[in-house]
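Enquirer: Fit chain B to the known structure of chain A by using the hints.
Here the protein sequences come in this chain order: A and B. Sequential numbering from 1 applies to the first sequence in the working numbering. Sequential numbering from 1001 applies to the second sequence in the working numbering.
To be clear, the hints were calculated from the coordinates, so they are not data collected in a lab. Hints may contain errors.
As the list claims (entries may be wrong) - Straight-line distance between alpha carbons at most 27 angstroms, and here's what the computed DSSO-like set of lysine-lysine pairs gives:
hint, chain 1, residue 1, chain 2, residue 2
1, B, K1070, A, K44
2, A, K62, B, K1003
3, A, K44, B, K1038
4, B, K1070, B, K1003
5, B, K1038, B, K1003
6, B, K1070, B, K1038
7, B, K1038, B, K1116
8, A, K44, B, K1016
9, B, K1038, A, K27
10, B, K1116, B, K1016
Stated by the list, open to error - Which stretches of chain A does chain B cover? Using the computed rule of at least three CB atoms under 8 angstroms from a CB of chain B, they are:
hint, region
11, 33-47
12, 109-116
To be verified - With the Cβ distance kept under 8 angstroms, some of the chain B side facing chain A (calculated, not the full set):
hint, residue
13, P1040
14, G1043
15, R1050
16, G1103
17, G1108
18, Q1109
19, Q1114
Yeah, the Cβ is synthetic: ideal placement off N, Cα and C, and Gly gets one too.
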Amino acid sequence: NAGVMQNPRHLVRRRGQEARLRCSPMKGHSHVYWYRQLPEEGLKFMVYLQKENIIDESGMPKERFSAEFPKEGPSILRIQQVVRGDSAAYFCASSPRTSGGGTEQFFGPGTRLTVL
Amino acid sequence: AQKVTQAQTEISVVEKEDVTLDCVYETRDTTYYLFWYKQPPSGELVFLIRRNSFDEQNEISGRYSWNFQKSTSSFNFTITASQVVDSAVYFCALSEAGSGNTGKLIFGQGTTLQVKP
Chain A
1 NAGVMQNPRH
11 LVRRRGQEAR
21 LRCSPMKGHS
31 HVYWYRQLPE
41 EGLKFMVYLQ
51 KENIIDESGM
61 PKERFSAEFP
71 KEGPSILRIQ
81 QVVRGDSAAY
91 FCASSPRTSG
101 GGTEQFFGPG
111 TRLTVL
Chain B
1001 AQKVTQAQTE
1011 ISVVEKEDVT
1021 LDCVYETRDT
1031 TYYLFWYKQP
1041 PSGELVFLIR
1051 RNSFDEQNEI
1061 SGRYSWNFQK
1071 STSSFNFTIT
1081 ASQVVDSAVY
1091 FCALSEAGSG
1101 NTGKLIFGQG
1111 TTLQVKP
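So here's chain A without its partners, still in its complex pose:
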């Protein structure tokens, strides 16, 4: 039973390019959370998605960032026109059911984005 998968594990982009981060949840999980960990900081919630729906995007920057979780395929976190401040580790977590809080989230290994 494979865990949460994220790819790529490391991504290097130049300023102004686009970054696409992928997350495949655990089998049977239809809820995905994205978190960002800036250097020397804790993880910050970005967005919560269920299949084909964005449920909570209160942690997403207002511009350049978007997320989707299509009916088929992985969840995608997309960052347009990256800037150096976007350099961070991006973690995805999946959950098996509706979270009213407390449902364990299973974390992927993260994608380390470096913007040159």
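Expert: Chain B in isolation, oriented as in the chain A frame:
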């Protein structure tokens, strides 16, 4: 507003010493969950424990133990007889469970633990 504070940025101990990592949280919900995660140098997040707000019993798992005290809004983590492999960043997190909450985790800033041989 919800918040998690880990006041200890870095702790350094010598192997076999006991060490306690502090976690203080703020929430208006009466139902919530608290978590501890470990992030070793390799970078992944390892789940350690989940505790709900109605269960104040302390828990012990091998060398690890957790002390949950609602009166002081604290959920402290103790490692007994520390080992070099315990060296990592440890995160405390909160998830509110009231109506309308989506289960997102609110993380503290983390405590870097270094265990020296």
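Enquirer: It remains to establish, for every hint, whether it holds in the given structure.
Expert: Results for each hint:
1. K1070(B) / K44(A): Roughly 24 angstroms separates the two Cα atoms, so the pair holds.
2. K62(A) / K1003(B): OK: K62(A) and K1003(B) at ~22 angstroms, within 27 angstroms.
3. K44(A) / K1038(B): holds (16 angstroms)
4. K1070(B) / K1003(B): holds (15 angstroms)
5. K1038(B) / K1003(B): holds (19 angstroms)
6. K1070(B) / K1038(B): At roughly 23 angstroms apart (the allowed maximum being 27 angstroms), K1038(B) and K1070(B) satisfy the hint.
7. K1038(B) / K1116(B): Satisfied, since the Cα-Cα distance of roughly 18 angstroms is no more than 27 angstroms.
8. K44(A) / K1016(B): With a Cα-Cα distance of about 33 angstroms, the restraint between K44(A) and K1016(B) is violated, given a limit of 27 angstroms.
9. K1038(B) / K27(A): Distance of about 24 angstroms is within 27 angstroms: holds.
10. K1116(B) / K1016(B): Roughly 9 angstroms between the alpha carbons, so the hint for K1116(B) and K1016(B) holds.
11. 33-47: holds (count 7)
12. 109-116: Coverage by chain B holds here, the residue count being 3 at a Cβ distance below 8 angstroms.
13. P1040: violated (12 angstroms)
14. G1043: holds (6 angstroms)
15. R1050: holds (6 angstroms)
16. G1103: holds (2 angstroms)
17. G1108: holds (6 angstroms)
18. Q1109: holds (5 angstroms)
19. Q1114: violated (15 angstroms)
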